[in-house]
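Protein chains in written order, with my numbering: chain H, 1 to 98; chain P, 1 to 494; chain D, 1 to 500.
One or more hints might be untrue.
To be verified - BS3-like mimics (lysine-lysine), calculated; alpha carbons at most 25 Å apart, straight line:
| no. | chain 1 | residue 1 | chain 2 | residue 2 |
| --- | --- | --- | --- | --- |
| 1 | H | LYS84 | P | LYS92 |
| 2 | H | LYS84 | P | LYS83 |
| 3 | P | LYS83 | H | LYS90 |
What the hints assert, rightly or not - To spell it out: a stretch of chain P is covered by chain H in this simulated footprint if at least three of its residues, at any positions, have a beta carbon under 8 Å from a beta carbon of chain H; those stretches are:
| no. | stretch |
| --- | --- |
| 4 | 116-130 |
| 5 | 230-239 |
| 6 | 320-326 |
| 7 | 374-383 |
What the hints assert, rightly or not - If you want the ones that stay clear, here's a sample from chain P, every Cβ over 12 Å from chain H, calculated:
| no. | residue |
| --- | --- |
| 8 | THR7 |
| 9 | ALA26 |
| 10 | ASP32 |
| 11 | LYS46 |
| 12 | ARG98 |
| 13 | SER207 |
| 14 | ASN252 |
| 15 | GLU315 |
| 16 | SER336 |
| 17 | THR392 |
| 18 | LEU431 |
| 19 | VAL434 |
| 20 | LEU464 |
| 21 | LEU476 |
| 22 | LYS479 |
Derived by calculation from the structure, the hints in this document are not laboratory data. We treat Cβ as the ideally placed atom computed from N, Cα and C, and that holds for glycine.
Listed below, chain by chain, are the residues.
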Amino acid sequence: MSKITRADVANLARLARIEMTEDELDHLSSELSVILDAVARVQEVAGKDVPPTSHPLPMTNVFREDENRPSLTPDEALSGAPAKEEQRFKVPKILGEE
Amino acid sequence: MIEKSATQMAAALQSGELTSVELTKAHLARIDEVDDKVKAFLHVDKEGALKQAENVDARRKAGEKLSPLAGVPLALKDVMVQKGIPTTCGSKMLEGWRPPYDSTVVARLKSAGIIILGKTNMDEFAMGSSTENSACFPTHNPWDLTRIPGGSGGGSSAALAAFEAPLAIGTDTGGSIRQPAAVTGTVGVKPTYGGVSRYGLVAFSSSLDQAGPCARNVLDAAYLHEVIGGYDPLDSTSINAPLPPLVQAAKNASVTGMKIGVIKELQGEGYQAGVLKRFNEGLEELAKLGAEIVEVSCPNFEYALAAYYLIAPSECSSNLARFDAMRYGIRTGEGSAEEVMNATRELGFGKEVKRRIILGTYALSSGYYDAYYGSAQKVRTLISRDFEQAFTKADVLVSPTAPTTAFKIGEKSNDPIAMYLNDIATIPTNLAGVCGISIPSGLAEEDGLPAGFQIMAGAMKDDLLYQVGAALEAALLSKWGAPILSGAPKLGAK
Amino acid sequence: MSLTYEKLIDKYEPVLGLEVHVELGTKSKMFCGCSTVFGAEPNTQTCPVCLGLPGALPVVNAKAIEYTIAIGLALNCSIAPFSRFARKNYFYPDMPKNFQTSQYDEPICFGGYLDVKVDTDEGVKEFRIEIERVHMEEDTGKSLHMGGATGRIHGADYSLLDYNRAGIPLVEIVTKPVAGTGKYAPEVARAYVSELRDILRSLGVSDVKMEQGSLRCDANVSLRLIGAEKLGTRSETKNVNSLRSVERAVRSEMLRHAALLEKGERVIQETRHFHEDTGDTTPGRSKEQAEDYRYFPEPDLVPVAPAKDWIEKIRATLPEKPSARRTRLQESWQVPDKEMAAMINADVLDQVEQTVNLGADPTRARSWWLGEIARIANERELPASSLPITPNDVAEVVALIGKGELTDKLARQVVEGVINGEGRPREIIEKRGIKVVSDDSALMAAIVNSIKAQPEVAEKVRGGHIPAAGALIGAVMKETKGQADAAKVRELLLKHLGQA
Ligand SMILES: [Mg+2]
Ligand SMILES: [Zn+2]
Numbered sequence: 001m002s003k004i005t006r007a008d009v010a011n012l013a014r015l016a017r018i019e020m021t022e023d024e025l026d027h028l029s030s031e032l033s034v035i036l037d038a039v040a041r042v043q044e045v046a047g048k049d050v051p052p053t054s055h056p057l058p059m060t061n062v063f064r065e066d067e068n069r070p071s072l073t074p075d076e077a078l079s080g081a082p083a084k085e086e087q088r089f090k091v092p093k094i095l096g097e098e
Numbered sequence: 001m002i003e004k005s006a007t008q009m010a011a012a013l014q015s016g017e018l019t020s021v022e023l024t025k026a027h028l029a030r031i032d033e034v035d036d037k038v039k040a041f042l043h044v045d046k047e048g049a050l051k052q053a054e055n056v057d058a059r060r061k062a063g064e065k066l067s068p069l070a071g072v073p074l075a076l077k078d079v080m081v082q083k084g085i086p087t088t089c090g091s092k093m094l095e096g097w098r099p100p101y102d103s104t105v106v107a108r109l110k111s112a113g114i115i116i117l118g119k120t121n122m123d124e125f126a127m128g129s130s131t132e133n134s135a136c137f138p139t140h141n142p143w144d145l146t147r148i149p150g151g152s153g154g155g156s157s158a159a160l161a162a163f164e165a166p167l168a169i170g171t172d173t174g175g176s177i178r179q180p181a182a183v184t185g186t187v188g189v190k191p192t193y194g195g196v197s198r199y200g201l202v203a204f205s206s207s208l209d210q211a212g213p214c215a216r217n218v219l220d221a222a223y224l225h226e227v228i229g230g231y232d233p234l235d236s237t238s239i240n241a242p243l244p245p246l247v248q249a250a251k252n253a254s255v256t257g258m259k260i261g262v263i264k265e266l267q268g269e270g271y272q273a274g275v276l277k278r279f280n281e282g283l284e285e286l287a288k289l290g291a292e293i294v295e296v297s298c299p300n301f302e303y304a305l306a307a308y309y310l311i312a313p314s315e316c317s318s319n320l321a322r323f324d325a326m327r328y329g330i331r332t333g334e335g336s337a338e339e340v341m342n343a344t345r346e347l348g349f350g351k352e353v354k355r356r357i358i359l360g361t362y363a364l365s366s367g368y369y370d371a372y373y374g375s376a377q378k379v380r381t382l383i384s385r386d387f388e389q390a391f392t393k394a395d396v397l398v399s400p401t402a403p404t405t406a407f408k409i410g411e412k413s414n415d416p417i418a419m420y421l422n423d424i425a426t427i428p429t430n431l432a433g434v435c436g437i438s439i440p441s442g443l444a445e446e447d448g449l450p451a452g453f454q455i456m457a458g459a460m461k462d463d464l465l466y467q468v469g470a471a472l473e474a475a476l477l478s479k480w481g482a483p484i485l486s487g488a489p490k491l492g493a494k
Numbered sequence: 001m002s003l004t005y006e007k008l009i010d011k012y013e014p015v016l017g018l019e020v021h022v023e024l025g026t027k028s029k030m031f032c033g034c035s036t037v038f039g040a041e042p043n044t045q046t047c048p049v050c051l052g053l054p055g056a057l058p059v060v061n062a063k064a065i066e067y068t069i070a071i072g073l074a075l076n077c078s079i080a081p082f083s084r085f086a087r088k089n090y091f092y093p094d095m096p097k098n099f100q101t102s103q104y105d106e107p108i109c110f111g112g113y114l115d116v117k118v119d120t121d122e123g124v125k126e127f128r129i130e131i132e133r134v135h136m137e138e139d140t141g142k143s144l145h146m147g148g149a150t151g152r153i154h155g156a157d158y159s160l161l162d163y164n165r166a167g168i169p170l171v172e173i174v175t176k177p178v179a180g181t182g183k184y185a186p187e188v189a190r191a192y193v194s195e196l197r198d199i200l201r202s203l204g205v206s207d208v209k210m211e212q213g214s215l216r217c218d219a220n221v222s223l224r225l226i227g228a229e230k231l232g233t234r235s236e237t238k239n240v241n242s243l244r245s246v247e248r249a250v251r252s253e254m255l256r257h258a259a260l261l262e263k264g265e266r267v268i269q270e271t272r273h274f275h276e277d278t279g280d281t282t283p284g285r286s287k288e289q290a291e292d293y294r295y296f297p298e299p300d301l302v303p304v305a306p307a308k309d310w311i312e313k314i315r316a317t318l319p320e321k322p323s324a325r326r327t328r329l330q331e332s333w334q335v336p337d338k339e340m341a342a343m344i345n346a347d348v349l350d351q352v353e354q355t356v357n358l359g360a361d362p363t364r365a366r367s368w369w370l371g372e373i374a375r376i377a378n379e380r381e382l383p384a385s386s387l388p389i390t391p392n393d394v395a396e397v398v399a400l401i402g403k404g405e406l407t408d409k410l411a412r413q414v415v416e417g418v419i420n421g422e423g424r425p426r427e428i429i430e431k432r433g434i435k436v437v438s439d440d441s442a443l444m445a446a447i448v449n450s451i452k453a454q455p456e457v458a459e460k461v462r463g464g465h466i467p468a469a470g471a472l473i474g475a476v477m478k479e480t481k482g483q484a485d486a487a488k489v490r491e492l493l494l495k496h497l498g499q500a
């Protein structure tokens with residue numbers, strides 16, 4: 001039985017940038033434990049000798065030429081912005097690295 | 001007129017018997033009439049549709065050579081971006097967003113002169129099998145308004161079944177075209193992965209997502225598939241090869257001498273008796289038409305659901321990270337950018353979406369990657385091998401599309417695992433990148449609701465879907481004497 | 001108690017790790033057709049792909065792959081027959097998709113090296129820097145931090161984002177841990193970045209302008225007790241944006257680590273920022289919990305499997321290595337090591353070479369670029385290469401001196417004029433009326449005047465004391481306002497005083 005604790009979910013929610021209520025954390029930790037139990041089955045057949053498939057088609061080397069294509073106009077680019085200023089996306093203060 | 005097939009409508013347009021404006025108006029009127037009950041549409045673009053229709057009529061009048069479906073209306077799943085038209089993916093997150101660009105599918109529809117009536121409802125970000133996860137409202141199954149129309153593309157399938165549109169676009173990540181088709185008595189095709197461009201399809205799970213045609217019959221679907229399919233340099237995973245001739249295959253409609261493989265693992269326990277009965281009748285019809293029915297085994301399919309529910313959430317946890325309140329979509333909360341992101345994602349995403357994001361975040365995190373995501377990818381290899389093996393024994397593989405007919409709205413909303421089981425027969429195709437179609441197999445005896453017959457073919461063998469699908473469809477039609485949808489309740493009669 | 005640098009070196013061995021990010025000079029971005037030109041109006045070079053709009057998909061720029069392979073080959077790397085892009089997942093507002101398309105365990109190039117030379121107490125010494133990997137990724141947008149006092153991120157009220165830079169192809173070049181440099185660690189770090197820059201420039205894959213951010217260096221530094229096996233805890237100083245800063249940042253971190261260790265404290269593994277003004281580093285925002293980037297193969301892209309003949313074609317077009325070129329130039333110019341190093345340090349090798357190619361004598365070409373021009377560049381705190389004087393101008397000046405049309409002193413005025421933007425040498429000579437006084441009679445008049453003014457000096461010269469002539473020559477030069485050819489004055493003067 002996979003045990004996903006409340007603290008685990010809280011950490012995952014932090015990584016995924018989703019604020020969660022106490023209720024949601026409780027609910028999800030029990031739900032995820034059940035789901036993980038079900039999906040953990042994949043380990044039964046995933047032997048060392050089986051190569052992983054990350055992509056359904058065996059394609060390689062899809063490139064484009066280094067050519068310019070028209071960009072959006074700045075109005076189009078900013079058309080969905082929740083806030084803008086000086087032709088830039090206006091966002092709340094960023095806590096982070098300089 | 002609105003109950004005719006898209007091909008028949010196209011013929012009437014070509015002969016001058018009908019104009020696209022008239023046809024479009026008839027559909028808009030039907031939407032006005034029934035959509036308050038069905039709730040298939042999130043947005044109806046009356047003005048835009050009529051303008052497109054006028055344009056097509058004018059071009060036709062001018063003697064221009066138009067593409068076969070020119071002037072025929074279509075309903076577009078709201079996961080596909082269309083320039084200037086609201087695109088929400090059924091999520092609160094994208095409320096009010098109007099994309100500044102067209103998806104490749106939309107660009108091709110437009111250049112073929114197909115009239116886009118509006119955007120159809122769906123489970124939020126295509127996560128679900130019932131369209132109950134839409135942030136806006138659930139869509140109702142025209143066969144029984146208390147039931148689900150399937151999902152995630154329930155809006156598109158319901159629009160077809162309610163005669164609100166003769167054609168629709170869906171997307172299928174684990175069955176989201178085929179399962180809704182099955183439970184609404186319509187036709188839905190998941191093309192070979194890479195066969196239809198994903199450019200402009202809002203990604204749920206990039207390595208599984210595939211857009212495809214939805215219609216009320218196989219030939220209509222083939223025509224639509226030929227419009228939207230084929231190589232697109234804007235999608236790196238698009239196959240750079242011509243599509244096989246699909247319309248021709250649908251018209252050819254012969255199964256004589258073909259080997260049809262019944263997948264042992266996709267029947268029996270968990271499948272509704274009435275669904276299985278209709279499936280077996282379909283097999284009989286195929287045998288009568290001269291096909292050889294063989295049984296094949298795909299032993300790893302029993303792991304498909306588990307692999308899918310690791311791969312899809314993992315990819316979605318990354319794909320949906322861009323919805324962060326910085327550049328588009330809603331914004332809520334106070335304080336720093338990080339706090340605003342957290343608050344917006346809490347408000348903007350529904351329960352199922354959050355559940356999958358968290359599950360995917362877990363499956364990809366260091367220390368768990370190999371056990372979950374890595375193992376799921378290995379299962380993917382095994383499932384592809386099962387298909388390869390099976391295709392050495394049969395030209396196409398078949399199964400019921402969904403294990404049950406449409407269930408009641410609300411019946412499974414609190415049991416994610418029960419909900420996930422809906423896609424048990426459709427998911428293997430997505431994992432392997434091969435193609436599949438669902439066509440109506442009849443009504444289940446116990447509830448009188450439609451069931452689906454799934455045909456699967458190898459990569460880039462989409463023509464086989466149409467060939468076998470059209471043959472079976474014709475046989476069943478002559479058995480029933482009328483299209484299955486003629487047995488659906490007449491929603492318009494108030 | 002902190003250690004002096006000398007004491008530190010006796011006790012600890014520094015271990016470096018250098019990560020250099022280079023913006024490639026492709027016309028279009030890594031995954032879309034938007035322009036990469038620097039300095040455009042905000043958000044004019046963006047599209048659904050580089051803005052990360054829902055539904056948009058990336059397609060790899062072939063040129064970017066070619067450039068990356070060229071870089072790998074120039075750094076003696078192996079080119080992977082199969083490599084993949086991966087998503088590096090973390091949230092940051094300047095990154096539109098909230099994942100960076102990068103490479104993880106399958107980089108395009110791996111396992112190379114670069115030899116660099118450093119001037120040591122025992123002469124010029126070569127150090128081999130092992131390259132771990134060279135991989136591709138994409139750049140982020142740029143933020144302006146508004147409000148608050150400093151324009152810096154701390155204390156800002158909000159930020160404004162411009163995504164023109166988002167999606168520009170970046171190549172990341174990562175070294176293996178560099179040990180064995182001892183006290184020369186700062187110089188080796190600098191020499192490595194400098195050599196790398198020269199290679200990238202010679203390949204033509206980037207404009208490598210550190211001041212514009214097209215080449216950025218992160219320096220990892222750790223100390224271990226001499227003789228110890230285990231590496232010490234490292235700090236990572238981000239975005240060190242000039243060669244001089246690379247050297248200063250490494251030295252400053254070494255001293256900071258040593259001071260901590262001497263106090264019995266631990267070095268914290270963290271990101272730090274270098275400050276040009278103070279020359280030291282400060283910690284970045286400390287994260288309560290470690291980031292987990294949840295790398296996985298990018299499903300929207302297919303693997304890169306470069307064909308052998310493509311790789312060989314790229315190899316065949318690689319230019320001469322900067323180190324080989326330097327050896328060749330040094331031999332042909334017959335320059336001592338020190339002078340060669342001085343030219344490299346002042347970053348004027350290209351200029352000198354071009355000046356020589358235009359016909360100037362190597363010694364003269366060098367002395368202009370390392371002398372007057374370097375002096376002015378220094379005064380203005382600019383690299384010599386960015387002054388508005390070209391090898392053409394210098395070659396012309398050298399030629400004019402050779403023809404006797406300019407004296408050294410006059411030439412300096414001309415060069416200064418060119419640098420001040422007054423025009424090309426000929427124009428300046430004309431405008432300023434600069435002319436060498438070579439008219440013998442005019443010079444003789446000045447010579448006679450000088451003898452009249454200093455008769456006792458003239459007597460000494462007449463008496464055979466030749467060095468005394470200097471005072472008379474100086475007076476003539478003064479009278480002719482420097483427009484006379486000093487050698488000619490000397491010749492005439494000595495002849496006049498019967499000493500020729
Ligand atoms: Mg990097
Ligand atoms: Zn772009």
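Which of the numbered hints are not met once you compare them with the structure shown?
4, 12, 13, 15, 16, 18, 19
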